[in-house]
Each structure stands twice: as C-alpha cells, then as structure tokens.
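Take a look at the letters that make up each chain.
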Amino acid sequence: MGTLLFLAPPIVACIILAGILSYFGNHILSRGIIFIDIAVAQIAALGTMIGILLGFAENSANAQIVSYAFTIIILGIFSVMKVKNQVLPQEAIIGIFYCIALGMALLLAEKIPGGSNYITKTITGNVLWVTWKSVLYCLLIFIPVIIINLVMGNIIKKVSHGELAGNSMSRTRIYDLVFYITFGIVIVKSVPVMGIFLVFMLLIGPASISRIFVRSWTGRIIWGWIIGAAGSLLGIYISYSMNISNGPAIVSLIGIATYIAAFAKLYMKRADKNILKQINFGN
Amino acid sequence: MKENNINIKLIEYMKKQIIGLLLAIITIPGIAVEKSQIRIVCSFSDYASIASEIAKGYATVESISQGESDPHFIPPKPSYAMMLNRADIWITTGMDLEQWSTTLIDRAHNSKIMDGAVGFVAVSDGVTILDKPEKADRSEGDVHLMGNPHINTSPLNWKIIARNITVGLIKVDPENADFYQRNRDDFIDRIDRALFGDELVDMFGGETLSRLLLNHTLFTFLDREYQDKKLVDLLGGWLKEALPFRGSRIIAYHKNWAYFSDIFGLEIIDFIEPKPGIPPSAKHVQYIVNLIKDQEIKVMLVASYFEKKSPQMIEDRTGIKAVYLPLFVNHEIGIDNNFELVDYWISQIKKNL
Amino acid sequence: MLSIEFIFLPFLGCLLIVLINVYFGIHVIKREIIFIDIALASIAALGSAVGMVLFESISVDHSHEEHGFFPYLFSLGFISIASFAFTLLKHKKISIPLEAIIGIAYAVATTLTVIILDKGAGGDVHVHDMLVGTILWISGHQLTRLALVVTIVGVFHIIYRKKFMSLTESFHNHDNKINRHMLWDFLFYFSFGLVVVEAVNIAGILTVFAFLILPASLAVLLGGNWMSKLIVGWLAGITASLAGLLFSLKLDVPSAPVIITLLGIILLLGYLLYKIPKFRRAAKEISES
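Chains as they are written, first to last, in this note's numbering: chain A, 5 to 287; chain B, 132 to 484; chain C, 82 to 370.
The hints are simulated quantities; they were obtained by calculation from the structure and are not laboratory data. Misleading hints may appear alongside valid ones.
Label pairs and their calculated CB-CB ranges [to be verified]:
| hint | chain 1 | residue 1 | chain 2 | residue 2 | range |
| --- | --- | --- | --- | --- | --- |
| 1 | B | Q443 | A | A12 | 17 to 23 angstroms |
| 2 | B | H347 | C | I85 | 53 to 59 angstroms |
| 3 | C | L332 | B | Q443 | 30 to 36 angstroms |
| 4 | B | G247 | C | A324 | 37 to 43 angstroms |
| 5 | B | F352 | A | N66 | 49 to 55 angstroms |
| 6 | B | H347 | A | N63 | 50 to 56 angstroms |
| 7 | C | I312 | A | S174 | 32 to 38 angstroms |
Predicted model, so just to flag it, every value in this text is computed and none were measured. For every residue, glycine included, the Cβ atom is placed at its ideal position computed from N, Cα and C.
Whole structure, please, built from the sequences with the hints as guidance.
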C-alpha cells in the first residue's frame, strides 16, 4: 500500500500525459511530422540557454519565459512555411530546424556552466520524482490547451487531414499556428518532468497502435489514451520489480508493443477483421 | 692643459666602462629569463593548480577541463590537440576517468607525453584507492573498474599528487630538482597546516598525523590528555572546522565525494545516480525516499556540473537540501586554488547541516 | 604548417561523407524518412552494446577505433533486422507513416541500450561521443575504413541506381509489386546502415545527419534532375566542410557546430537566391547544358 501511495503522483502524471499526448499524437501522425516533439524539446532547451546567456538564473521564471517565447517564435515560423505545393516535406524542415538548434546549443554549451545538460540526448528526466504540486501545475497549463483544442478540434482535424486545402492558406495557417503553439506548450512543460524519450513514445506509440486497428478519429484518441496509460503503469511495475531504470522501461515496453501490433496487423487473416469491426465505434 | 686633456680622456674611458658594466648587469637577468619554460598540460584544473605551486615560474601550466565542466565530456576543440602537441608534460589521473584523452593524445603526435614516456604523469600512483570493485568484470555496473577516480577531493591525496608531479618535473628538468623539491615540501607543509592546524603539526609532524588520519585512528589518538586538556582541543584548520558535521549522514548524487567524506567524517549513505547517465529505477527511488525520511537526512551533495532539474525534483519530493559544489578549481567563480576549494566545500556543508 | 596538415585528414573524411550522404539524402527526403540515419545509428549502437555484454570483450580503454569484432558483427546484425522490419512494415495495411515506425525504433533502441549498459558500464561517455564525434582527431585507419565502405556502397548504388531511383520515386504509391520491391528496399536500408555506422563513429550523429539533410534539402529545393541535385548538394557540402574546419581552427571551437551552421547558411542563402527569378533562370540554363 505504501508503494502505491508513493507511486501515485507519477502514475497520475503518466495518465494525464498519455491522454493529452494521444490527442496530439494522432494529429502528428496524420500530418506526418513525427519528430516535431524532439525538435521542439531541443529548441526549448536552446531557448533556455539563450535566457541564461541573457543573464537570467538557470531555473528562474525569466529563463522559462525566454524559452517559451523562443519556442513559440520558431513554431510560428514553421507554421508559416507551409505552402501549397511543397517540394520539401515538412518533416525535412523539422529535421533542418532540429539540426541547427542542436548545433547552436553545442556552440553555446561551453559558455554556460553545465551546458552539456541542454543537449537533446541528455534531456533525461525521471517522472518518479514528480510531486503533486508539479502535477497540478501541469494540469493548470493543460486545461486552457484542452479547451482551445476542444473548441477548435474539428477544424484542426480537417487541417491535419489536408481537407481545408481549398481555402486560403492564411486561414489554414492560423489554425496550424494554434495547433503548434498549444502543442509546443505541452511539450515544453512535460519534457523536463518526464524526459524526452518518454514524451516522444507516449506521443507516437499508443496513437500508432490505435491507428493500426481503429478507424474512427475519436476512437483512436481514446484507445491511444488507454494504451498509453496501461503501458506506463506496466512499465513502472516492471521498473519496480526488476529494478530497471524507469523511463527506459516504459519506452521500450510501448515501443516493442507497437512493433508487435504492426506485425500482427500485417499477418492477420481476413477472418480476424470482423473482430476489429467490433472494436471500432463511431463511424 | 695637457693634464686636463688626459683627465678628460680618462673620464670618458671610465664612463664607457661603467656604461658597459651597467648594460652587462641589466642584461644578465634577461639571459636568465630566456631559459625556456616547461609546458605542462593537465587534464583537470586541480592538477594545474598543484603543478603551478611546484613549478612556479619555470613552467606554463594549462588544463583542458575547466571548473564546471563534466569531467567525462570534453568538447573537441582544435587547440587541445595543439596544446598537447607542444607539451613537455601531460598530467592525468591515471585511472579510467579521462577516457576522452586517449584519442586526443593519439592525435597530438607527441611521443614525449605518451604513457610510459618521460613526460607522462599519472597522479594517482600511490594514492590509497577507495571503492575498488571486488569482481574483475563489470557486472556490478560500476563505471570505473580501477576504483573511485575522483581523488582530488581529499587534501591528503594532493600530497601524493604533488610528489608525482615533482618526480615528473625532475625527469624533464633535472637541473632544477632542488627548486621543485623545495616547493613541493613547502606545499605539503601548507596542506598539513591547513588540515590540522599549526599546533598539532609542530608537535607531531604532518606525516604522522596524516598516517593516523588515513587509518581512521586520528581521533582516538587525539582523545589523549595533554597538559590538562585533550589533544583534540589543539586541533586547528579544516578538521576543526569540519568537527560540527563529523559523523553526519548524507546522500550524494554521484560517487564524486568518496575521498572527501572519508577524511572529513561524512557518512554517505547512498547515491541517486550511481551510474552516470542511467536514471534510477522505481525501486531505487522508493528506497531513497524512505531512507531520507527514516534517517532524517538533510543534505544531498551534488557536483555542480550536473543539471539542476533532477536534484530540484528530489528536493521537492523529499524535503532534502541539495548542496551544489564545484568539483574542481574554477577561476570563473573565484576559486583559484585547491585550498579555496576545500574552504568553500566545508563552509557550504556547515551552512546546510 | 600545422594548421593545414591538421585539417587535411578531417577534410577527406568530410568529403567522403558528403559524397555518399547527399546521394542518400535526396532519396531519404523523397521517401520522407528523414530520421532514418539517427535511428540506424542507435540500432547499431544497441547491437554493439549487446555484443559487448554478451562476449564480455569490454576493454578498459574505450577508444572507438578498436571496434571489437563481435560488437561490430552484432551491430550489423541488428541493422539487418531493422532493415528487414522497415521493409516489411511499409505496407498499405499499416496506416501509419514509415517515419513513425523508424521513430519508434530509434526510441526503443536508445532506451534498450541504456538498460543493457546498466549491466555494463560507461553509458554516459558513449552517448556524448556519438553525438558530437571527433572528426578533428580522425586517424588514417578510420579514414581507410570509411573510404572502403563508401566505395563499396557507392559503387553498388551506381550500378543499381536506376532500381533505387525508381523505387524512391514510387515510394508513396501503394501498388502490389511486393516481392521485387522488398529486396531492394532492404538493400537500401542495409547499405545505408553500413555507411552510417562508419560515418557516425568518426563524425558523430549530428554531423552525419546534417550532411544527410541540409545539402540535399537545398538540392531538392532548387530542383532539376538527379545529376544537378547531386552536384548542388556536393558543392554545398564540400564548401561548408572546408570553411567549417578552417573556422573551427581559427575560432578554436568544435568543428561539428560550425559546419552545421555553415550548411544552414548555405541552405538559406541558396534558397533566397533561388527565389530571385534572374538566378533561377540562370540556374536552369546551367543545369540544362
């Protein structure tokens, strides 16, 4: 019982994040910009480094504001760059941003004590240390994000599926901007808490699994949530009982599950498809 | 008239001689300074500081890793290879801490400083190594097979480091052996006095006291009576400063502080991240949280090159106080030599315990 | 002069990587599997770690030059398995982009490596080394290996270039010529994996990724046929490498970030210039001649 109490905040954090990331993850998969969250995390880290260089203390509110501002500006540029007949896929543009951000971070890393901590691979985090206060702050930031996305959800969904192509680019860009900014905020808030790989996996993994089997949009989001939450719980349990590093345990678990799901789908015979039909709800 | 002429000529001649003599006198020191300086390159700033104390003006000393850097990670700057290429002496720990140095030394193409050559100084030679793993393989998960390499945290080890550096200097520059040995003895004496205080050093000599300290029998020894007070009342220096927290239990983020805690009497009960780069498991985290609560541990030592996010989360979760300490001498924050470093460590720990 | 001799070997290394990566980069952008090289590098690292742990051939000296034989074999083995998986999972039944599969492989490989090194050791050191690389310290031995691999893979791709190009052009179509495609897809990923393993060991993941994406992006933006794209990419890559190495010497900073910054600048400048109709027309004329 004591263990459960002790693990309660991390478990709740994982469940909340599994939900919100499943939503965003489905959009990301539709848009085909898989690595955007790793890019955002690195850009945010670069922003923090800039804040520190500007003279703000390492974990001060000011440095965080610089970080958020910088991230939002870059995301703004990114969403504006979408054109009708794009030669370069958006994922390539993300790759370019990520690459340059990482390069800049490396250059600046020497000027800052402990600079090597802002470089992607070392953005570790351990959700196990999270406190109720932290969870509360996350919720506070996520609630406006959730509201915005609920209100604009349908339109953003259409944009993600490229269905607004007929309309003017500037309208799609505005919705894109809203999407990316709310997304960016979620990522910047959650990566220091959970570490970059856990956020990445919760974003892509469960959404992928549900997308393989489930057809309806809402269904995918809900199943993604369930799978993400279950995966986190199972991962924490394994980390506990087998004394394995926590984050890696969850990430590997969900990742391997995704591969199993993918291969299962590949080799499934037609007869099994009826079972699938029963899982799909909605249209 | 003739006498005046002769006098004038004589004076002119004298003037020339005197000027010549003066010039000669002025240039002699110049000739002495032109003797080329020895180029020493160290892996860490601590060793550089000690080397400067011994070689003084006879050598230029540089270090590759600076103050707040992670000792495991060195950005590959071109100047490092060039520094090493011109170096006469390379000073390194000599255990497996500076793994980045092998490629660097290879690239430097300098046979004088390769392992085994005259200019290679491994300062850990002769240090009593702590945390030596019992098994020869890595199944215990320990990063460092040869034991704990963070030897710079104990002033006793500085003495051995100084001796090793002196040996290296004498091999490269035997003419000035006396000069180096004198500086070394000076330095060692200063360490003793900083550690134990003048009175005890004058009475028993630094060597005896150091041996007792190393064998953990110093305080039993100091418990003896002397002229109606105990010997321990005569204790001065760092050990006296550290008395208030002697025997306290603390946690450390990583195994950087073994040698320091050994002589200053801190009991490090456990580590947050014993294996660098590998975050702890749920079991370990729960264990630590309970440990901190049960034993009322107040302080967690964190070397300042670690990122602050995780220690802060631990602070929030358990109420423990994270004390960030620079692991090495760092001019940027005003810590110019090893003495000031230990001063800082002790004052910070005292403040928080 | 110490400086010039100093960057000669590193420049040759960059040259080799630029030559092969621009080619693969154009493929990779078309197929939209941008992060494949980072994924392959992690998978290779996982294979290495498994090999090391299984055969306990962990030496105290972590010099990357000494690829133990078994770790290398294992890294190749893991790359083949991954290539196989990537080939199979590009299928119309799987409604997620291949990039997602690759991304998941990347995350799993990295975290599994952490877990395995938990039993081994030296985890942190390797992570950092692989990111930035040590191209400035490249040795003749490493250069020879790189040249060998680049030549073998390069010649292979020159001979079969039509095959690979047509595969890439039709990558996003879902037609059913499954069996014939599979072999060549597999060979694509595997041959690329071979290159990635060598290149990353020398130059680090970041530089290799930059050489893969940045020059090729410029090439794709400027358009034209394959040959002109390759030339644009190569020019950009070689210029950035040379200037980058020189600047890194002058400013005394690690070379990787400098080269990347220069690649970025060249990309930006090239793109802006292209927007100006005058230049575009001139470029078209040159490429058509």
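Hint check results:
For the pair Q443 of chain B and A12 of chain A, the supplied restraint of 17 to 23 angstroms holds, since their beta-carbon distance comes to about 20 angstroms. Between H347 of chain B and I85 of chain C the CB atoms are about 58 angstroms apart, so this pair conforms to the stated range of 53 to 59 angstroms. With their beta carbons about 34 angstroms apart, L332 of chain C and Q443 of chain B fall inside the hinted range of 30 to 36 angstroms. Evaluation of the 37 to 43 angstroms hint for G247 of chain B and A324 of chain C yields a pass: the beta carbon distance comes to about 40 angstroms.
The supplied range of 49 to 55 angstroms is met by F352 of chain B and N66 of chain A, whose beta-carbon atoms lie about 54 angstroms from each other. A beta carbon spacing of about 40 angstroms between H347 of chain B and N63 of chain A contradicts the range 50 to 56 angstroms that was offered as a hint. As the Cβ distance of I312 of chain C to S174 of chain A is approximately 37 angstroms, the hint placing it in 32 to 38 angstroms holds.
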